Every structure is written in structure tokens, then in C-alpha cells.
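Listed below are the residues making up each chain.
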Amino acid sequence: MTDTFAPTTRFAVPGRIAVSNRAAAVWQTATLTEIRRETPHASTFRFAVPGWSGHLAGQHLMLRLRAEDGYVAQRHYSIASHPDDTGHVELTLDHVEGGEVSGWFHTVAAPGDTVEVRGPLSGFFAWPGDRPALLLGAGSGVVPLMSMLRQHRARRLSVPLRLVVSARGPEELIYAREYGAETTTVFTRTAPQGVPVGRMAAAHVAPLLAEQPPGGWEAYVCGSNGFAEHASRLLVEAGQPVDRIRIERFG
Amino acid sequence: MHVTRGFTGRPRVPDAGLPPGQYDAGDDWPVLSAEVTPDLAPTDWTFRVDGLVEEPRTWNWTQAHELPASAYEGDIHCVTSWSKFGVRFGGVSLDAFLDVVRPHASATHVVAYSHTGYTTNLPLSDVTGGRAWIAWEYDGRPLPAEHGGPARLLVPHLYFWKSAKWIAGLRLLDHDEPGFWEQNGYHARGNPWEEQRYSGD
Ligand SMILES: Cc1cc2nc3c(=O)[nH]c(=O)nc-3n(C[C@H](O)[C@H](O)[C@H](O)COP(=O)(O)OP(=O)(O)OC[C@H]3O[C@@H](n4cnc5c(N)ncnc54)[C@H](O)[C@@H]3O)c2cc1C
Chain A
1 MTDTFAPTTR
11 FAVPGRIAVS
21 NRAAAVWQTA
31 TLTEIRRETP
41 HASTFRFAVP
51 GWSGHLAGQH
61 LMLRLRAEDG
71 YVAQRHYSIA
81 SHPDDTGHVE
91 LTLDHVEGGE
101 VSGWFHTVAA
111 PGDTVEVRGP
121 LSGFFAWPGD
131 RPALLLGAGS
141 GVVPLMSMLR
151 QHRARRLSVP
161 LRLVVSARGP
171 EELIYAREYG
181 AETTTVFTRT
191 APQGVPVGRM
201 AAAHVAPLLA
211 EQPPGGWEAY
221 VCGSNGFAEH
231 ASRLLVEAGQ
241 PVDRIRIERF
251 G
Chain B
1 MHVTRGFTGR
11 PRVPDAGLPP
21 GQYDAGDDWP
31 VLSAEVTPDL
41 APTDWTFRVD
51 GLVEEPRTWN
61 WTQAHELPAS
71 AYEGDIHCVT
81 SWSKFGVRFG
91 GVSLDAFLDV
101 VRPHASATHV
111 VAYSHTGYTT
121 NLPLSDVTGG
131 RAWIAWEYDG
141 RPLPAEHGGP
151 ARLLVPHLYF
161 WKSAKWIAGL
171 RLLDHDEPGF
181 WEQNGYHARG
191 NPWEEQRYSG
201 D
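Taken in order, these protein sequences are the chains called A and B. Going by the working numbering, 175 is the number at position 175 of the first sequence; the sequence numbering is gapless. Going by the working numbering, 192 is the number at position 192 of the second sequence; the sequence numbering is gapless.
These aren't lab readings, by the way, just hints derived from the structure by calculation. Be a bit skeptical, because a hint or two may be false.
Stated by the list, open to error - DEER-style ranges, computed between Cβ atoms:
1. A/Val72 x B/Asp139: 52 to 60 Å
2. B/Gly200 x A/Pro132: 30 to 38 Å
3. B/Asp24 x A/Thr29: 52 to 60 Å
4. A/Ala25 x B/Gln63: 39 to 47 Å
5. B/Ser125 x A/Thr190: 50 to 58 Å
6. A/Arg189 x B/Leu18: 36 to 44 Å
What the hints assert, rightly or not - A short, non-exhaustive set of chain A residues, derived as facing chain B with CB atoms under 10 Å:
7. Asp85
8. Ser102
9. Arg118
10. Phe187
11. Ala238
12. Gly239
Remember, predicted model here, so these are calculated numbers, not experimental data. Glycine included, every Cβ here is placed at the ideal spot set by N, Cα and C.
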């Protein structure tokens, strides 16, 4: 095409990959194989999805539950497992008070149950493992970031990756046992003795931008809208270019 | 069809206003932009319409407000499954801008773009005939920045990712050209009543 349109403004968030439209269009049966408690309010649900076409770290899927009368509830969930876990996906769900879908998962679901999923969806938050990744997450917003961290480990990638994860307290920290030297934890309400309590701040972010890898960071921010606004502002103030900040808001 | 064991769901409230697969978000208005919310003052805001038109033109905040005021009262639908009923937006009908620039007969589609660089594509027929607005007020107050203020596109009969926040302009084309989400696997048109969420739907 001769006149492909490009806005004169900076493109804020170029997509990282082309997505498969075919995979995104097909609903597949996912069989629950395992439930692991992460915190008092969050559990990981492991599914076998034999026809799963694979995903990139950071992508999400759409999940639906169907009642006997045909009523359907569908929601988006980030994929927690890394891309090499062939034929399986893991999701980590917060138990939302009165939540229709998360409520079913936390009170009814048992191994052997089946639900329907379609995806993977959306390429823009995906991390192909190519560029240095600076990850900021809060609460269940750490889920797609954990997929990136797991991929980084499973493939022994040498490209730098740093994670700053915020939780209300140590017992609310999802995947607490899995973090290593790449991770900084921030506790907003309660913390072990000697560990400060407070919001994610410039002091957590600025040092990471001071030790920029060659080519700079790709920043990924995920969590509630309030956290996303706050964390993305910290990044901008610390000098991260806006067109290298991707935000996933669990709206 | 696949029934989920033990799933009953919320009590059914028959609601003719709710497109398939959507739920009523009530007073919530989730924010789902993929980029950093820009710090854009009304005095820095501009809106341009160009491409296949007689007379390309850029409006600033004051000039745009000189066009006849127009309001939308009704529903909005987001692809992530929430809908919001009885919302009130104030601004100017897109027709008022298009009347000034006079589209060529060959124009069939538009790309709407934001001050952040976000883009989305729409058939021209979806943004004419009183179905689209440039909106700067929500519920009688200035539109909050995280919801697209100072001004956003409003195309309420399509999924809300088509209603580009921080709207900077429209380019009229004689072909369809996928925007940001459309290149990321979302549907080219996004009609909630036909549940056109992802391409292939
Ligand atoms: C891209 C994306 C990725 C996501 N990834 C994750 C993830 O990895 N993990 C995760 O836990 N969540 C994730 N979410 C959020 C998830 O999609 C759901 O919003 C969340 O699980 C709540 O769904 P629910 O059905 O349990 O709650 P809902 O039933 O939707 O309820 C949410 C809130 O709204 C109220 N509510 C909504 N509708 C009604 C109604 N009709 N009547 C009364 N009250 C109502 C509820 O009481 C509750 O407070 C993601 C969201 C997005 C957009």
C-alpha cells in the first residue's frame, strides 16, 4: 500500500509480535489438573489444553464458564506458565469478593473439571525474551511477569531481567518462593521486622534505571489501574521513555 | 455446548440493553489503556482531520468549542466484557468537523489517532450520521485524563477501544488500515451486538 498511515506523534506501545488470529478465534476445552494455593486469596490453576498452539510470556487468554441454561460468564486471565510448558497453561486467580468467575474457581473447581479457553490473545504485552526486561507488578499483576521470569530461567537467557513486585504483606505475595536475586519485593501494609512498609517508590525504580543495560530496558507494568498509573509515573520520572513502557491493567 | 460443573452464575437479569457476553459494570469505569496516561493540557490539545478531504484542517481547544455542542446519553461496551449504562458525554458531533473538511466521495475508512500515537480504524459510515463525537465532558465535568481527557473520540455503538482516548486526529482513507489493537488480533469493526471481539469472530 502506498500511503500506510503513521501518526506524527510517537507510537507509544508498538506490539511485540504478530498474533495468530486463528488460535484466538477457537474455543478449546481446558481440563483442570491441579490447584496450588499461593496465598490466602490466590491460587494457581493448572490446565491441560491438548490443542494449545503455544504462547509468548505476557500474553493472556479468555476463559468462559457456562451454566446449564446456557448462561455464559467470560473473563480475561494472564498466563502464568512459561511458553515451553507444552499442552498446559497455568492461571493464578485472586478470589474477588462476590466474583462470578473467580468465585467458582475458589469454591467449586476441582481437578477433572473442564472450562473453555481461547487464545493466546494480544501481542502488545508479550515478551519474546529478546530485550532487557524491567517488570513492575502488584498483586495478581505479577502473573504475566512471572511467565517472563519463568521463561528467563527455563531458557537460561542471558538478557537482563529485573522484577519489582508489590504486595500488601509477605503472606499476600504470590509466588513468594520463586523469586531470586533479580527481584525486589515491596510490602505496602505489613512487613517482616526490619523491612520497611510503604508504596513502590522512586527509590525502588531509580537504581534500576541508573544501571541500564546496553540498549535500555523494555518496561512492563501490570496490576490495578491505580498501581499502573503510579508505577508508570515512577518510570517516566526516572527517565524511562514512554514509548518503551507497556501497561496491562486488570480493569 | 460445554456446561461447567457446578456453575450457576449470577441471577439472570434480563436486559435487552446488554450485548452478548457482556455484564453490567454498574458504577465502575475500568481503565484499560496500554500506554502511560499523557499529561496533556487543553491548551496543548489539537484535533486534525485530513486525508481524502477537500480542506484539511486543525482545530485547537477554543476553535473546537465554537462548533455546536452535542451530547451522548446511553451505553458503552468494552471488549473485556463490561458495559456501562446511562453514561453522559458532552462535546461536538464528528459530523460538525467533517462538514467543514468535506470528505471526498472516495473516502471509505478512517484511522483515528491519539496524542500518544495509539491508532484505531473505523469505516467512515460508523463515524458519520450522528453516531460519533469528540467528547470532553463526562457527567457534566471535564473528562478525566485516564479516561482520555482533555478529549477523546466517542463511538458508543462499537467496542470502546474504537473510541480513541486523547484524540489527535482522523485521517480519511479509501481503504481499511488496521490500528493498534486491530494489528494485535482484535476485530476490524468491533460491533458488540455481533460479538466481534477478535479477528475471525
Ligand atoms: C488482560 C487482563 C488480564 C487479567 N489477568 C488476571 C489474572 O491473571 N488473575 C486475576 O486474578 N485476574 C485477572 N484479571 C481480572 C479478571 O479478568 C476478572 O476481572 C477477575 O477475576 C474478576 O472476575 P470475577 O468474575 O471473579 O468477578 P466479577 O463477577 O466480574 O466481579 C468483579 C467485581 O464487580 C462486582 N460485580 C461485577 N458485576 C456484577 C453484577 N452483575 N452484580 C453485582 N456485582 C457485580 C463484584 O461484586 C466484584 O466486586 C485480568 C483482567 C484483564 C483485563
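Using Cβ atoms only, decide whether A/Gly239 comes closer than 10 Å to chain B, and label the hint accordingly. violated (13 Å)
In this structure, is the beta-carbon distance linking B/Asp24 and A/Thr29 contained in 52 to 60 Å? violated (29 Å)
Cβ-Cβ distance between A/Val72 and B/Asp139: within 52 to 60 Å? violated (31 Å)
Identify whether the interface hint at A/Arg118 stands, where standing means a beta carbon of chain B within less than 10 Å of its own. This interface hint holds because 8 Å falls under the 10 Å limit.
Holds or violated: the 36 to 44 Å window for the beta-carbon distance between A/Arg189 and B/Leu18? Holds, since A/Arg189 and B/Leu18 (Cβ atoms, about 37 Å apart) stay within the stated range.
Interface hint check: A/Ser102, Cβ to nearest Cβ on chain B, cutoff 10 Å. Holds or violated? violated (12 Å)
Proposed interface contact between A/Phe187 and chain B, which counts if any beta carbon pair is under 10 Å: violated (25 Å)
Measuring from beta carbon to beta carbon, are B/Gly200 and A/Pro132 in 30 to 38 Å? holds (34 Å)
Close enough to count: is the Cβ of A/Ala238 nearer than 10 Å to one in chain B? With Cβ-Cβ at 13 Å, over 10 Å, it is violated.
Okay, B/Ser125 versus A/Thr190 on CB: inside 50 to 58 Å? holds (56 Å)
Between A/Ala25 and B/Gln63, is the Cβ distance one that fits in 39 to 47 Å? With a Cβ separation near 44 Å, A/Ala25 and B/Gln63 satisfy 39 to 47 Å, so the hint holds.
Go through the hint on A/Asp85 and say holds or violated, using the shortest Cβ distance to chain B against 10 Å. Hint on A/Asp85: violated, closest Cβ of chain B at ~22 Å, above 10 Å.
In this structure, the earlier hints numbered 1, 3, 7, 8, 10, 11 and 12 are contradicted, and the remaining ones agree with it.
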